[in-house]
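*Asks:* Each chain, letter by letter, is given below.
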Amino acid sequence: MHSVIASPADRRLSALIRHLEGSSNAMDSDTITASPASGFPGARNSVFEHVVRGPEDPILGVTVAYNKDSSPLKLNLGVGAYRTEEGKPLVLNVVRRAEQMLVNDSSRVKEYLPIVGLADFNKLSAKLILGADSPAIQDNRVTTVQCLSGTGSLRVGGEFLARHYHQRTIYIPLPTWGNHPKVFTLAGLSVKTYRYYDPVTRGLNFQGLLEDLGSAPSGAIVLLHACAHNPTGVDPTPQQWEQIRQLMRSKALLPFFDSAYQGFASGNLDADAHSIRLFVADGGECIVAQSYAKNMGLYGERVGALSIVCKSADVASRVESQLKLVIRPMYSNPPIHGASIVATILKDKNMFQEWTIELKAMADRIINMRQQLFDALSTRGTPGDWSHIIKQIGMFTFTGLNSEQVAFMTKEYHIYMTSDGRISMAGLSSRTVPHLADAIHAAVTRVV
Amino acid sequence: MSASSDHANSVFASVVQAPEDPILGVTVAYNKDPSPDKLNLGVGAYRTEEGKPLVLKVVRKAEQLLVNDPSRVKEYLPITGLADFNKLSAKLIFGADSLAIQENRVTTVQCLSGTGSLRVGAEFLARHYHQRTIYIPQPTWGNHPKVFTLAGLSVKTYRYYSPNTRGLDFQGLLEDLGSAPAGAIVLLHACAHNPTGVDPTSDQWEQIRQLMRSKGLLPFFDSAYQGFASGSLDADAASVRMFVADGGECLAAQSYAKNMGLYGERVGALSIICKTAEVASRVESQLKLVIRPMYSNPPIHGASIVATVLKDRDLYNEWTVELKAMADRIISMRKQLFDALQARGTPGDWSHILKQIGMFTFTGLNANQVAFMTKEYHIYMTSDGRISMAGLSSRTVPNLTEAIHAAVSSVA
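So the sequence lines, in the order shown, correspond to chains P and V. When we follow full-length UniProt numbering, the leftmost residue of the first sequence carries the number 1, and every step to the right adds one. When we follow full-length UniProt numbering, the leftmost residue of the second sequence carries the number 1, and every step to the right adds one.
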């Protein structure tokens, strides 16, 4: 039996080499360059002299550029964090209340959580995503571990699969969140893509999706955005989800859901979990990464959960024990504060209700912005079909603007977005819609 | 569908039950024990004289300030974490007057406590450093080899603890580091070595420094007990500052779990001291590429508490007073245990209890004696004989003394 410790690390090392291809000769493990690492004051060379400057993260780099812009008209439609009508970040009232309760409770301490995190939080998170009446939960077939938001859940799940699953390829949709390929590659998986977005219809390339998943090797892992696909906002219909499910189960493809927008997309927590529950209901296995960054506005607190739905309670228990061996050498145990806020809200009937109302208000404001932008473009007679703005769902709209048009909008109108033409609707307000509509109009009429 | 066929159909059917973490497993076993006399000397978390966890007053104050400030939001931190926290952490470990800081040669990134800082630092080295072997002391914290291995480094050991003297095997250390390949990475416990409590003297540190620099060995400090070991923040950072003062490069993983009692908040920092500001800047950009695919950016709460305390003169002073009180209580427990064993006439030389420093004492008890003490006296510790002094109190010292006495008298 091969060493399960060494091979993922080796795979990770070769992945790192590919990840930074061509960027540094230091990756050549046969070469021990004669870098004098001596610390004597007389020595000149740094042992890190050859380290190349890494590129700015494309998504976060948008905010960096925005912050440098001195124009009063500037608009940040880059990173996906909710903004109010006044353009300000929002901490939910129910979150402030929960936090006050926690901090004012003098009996609370700051001891280490277990490696798997806060037990209440884990149970409540599983119920939230799978449904309180889920047979998988009742059968004890679900293991849930607290992780660092969506990213951390994906990375821990990816590392677990790289070590313990027989097929080390994961298929991700084209396009997908920019960080996905990096997370999975560093976890030790090999990344392939399946067709997803159709630029012609600005909708789902369902035929292409079915073909690509249909020709994937049996057992391959498939990343699915549970709802509000990032960056396109294009989701399969319930009927399409059912077809995807049947195809995947017939080929034993392992579903790995990324759920970052439950309740945030449609305003309804159950509707936004429909795709996942469809798969769980057929009794099969799957993996789910849950984030509370957006739907509870807990971005910086890094709150999330990884659930693995298994065939039996015994398997789930063994799987959990191995998840601990992934987490312990990464950061030992997860942070207590954000998960405590979530648990406080989810376990209290009144707070839960309050939360659903504040959540729906955020979702509704975004849907409202979609309508306003669509109407503004229609009014201006901007060339093209802009109906995708109201058909797409969630925080982002994939405008269909190309990178030259995007660059033009940044330069001439001080509007910041990622170069793929993705805009965060959460960053818009009634006040700024006209400015954006003008910029889009100018871009499509003057820049090809 | 029967359970066995369900099981057989699982794609994870072949996943083996992993062993319980040896350190955390002690607390698991302790929790299951119904005896009223049980004593948990396993995991290294501070306990008061009353045997309770402690949240520092200054931490509660800082937390109240933060949570009652309606202008505070919960936006993502940058990938490298809270800027204030990073600057203040570097000053804390390297000294406010550190030349390396003044020359901008230090990059500091917020990470998840000590473990996270070690993992991020090691992944960075596995990608960008020419030598992928790290030497760790024998023994060391149980999680060290796993962190480094999963980061992509190859792990070797150097002699450290001498069971005969229950002190430092300095000769062995010098020999092993002396025969390491040029450029190899060397893990150094900044103070209060875990699990032995045995630290080099200043003179020995200087010899270690000279040897390492002559061979271009790269120091990677694990600093989990600054201020907690001796009660003095500066004294506990002396080893790190000695290496920084010679102008050379090094890494330092800092944890606020113990010295600010922020265990579960996961607050720490990784600093890399480079030859130039320009190199430090490029190194920082590459650290971001390690962090982003791991968890994107670090948690805001704990780091905000630390920054609040470190940047306010009064809060900072209050903190040093509370920190010294914790360190003093532990030193007092050492004295009490030693005196009790003397009074009992327990066979053996127990002076190492006073000589060792920090949270842990490496008792020298073997695994059979440990098992005996757990079974007969309900005393829980890791099987290497490591006890957490922080878990003792004046009330429980007598029971521990009895147990040790019985173990060394009746178990070989």
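Honestly, the hints are just simulated from the structure, not real lab data. Ideal Cβ placement from N, Cα and C applies to all residues, glycine included. There's no promise every hint is true.
Pair by pair, the computed Cβ-Cβ distance ranges are [claimed, not checked]:
hint	chain 1	residue 1	chain 2	residue 2	range
1	V	347	P	347	51 to 61 Å
2	V	37	P	277	48 to 58 Å
3	P	347	V	351	44 to 54 Å
4	V	398	P	347	17 to 27 Å
5	P	120	V	64	21 to 31 Å
6	V	28	P	127	43 to 53 Å
7	V	314	P	431	21 to 31 Å
8	V	20	P	411	35 to 45 Å
9	P	119	V	246	16 to 26 Å
10	V	182	P	190	50 to 60 Å
11	P	52	V	214	43 to 53 Å
*Asks:* Looking back at the hints listed earlier, which ones does the structure fail to meet?
*Replies:* Structure breaks hints 4, 6, 7, 8, 9, 10 and 11.
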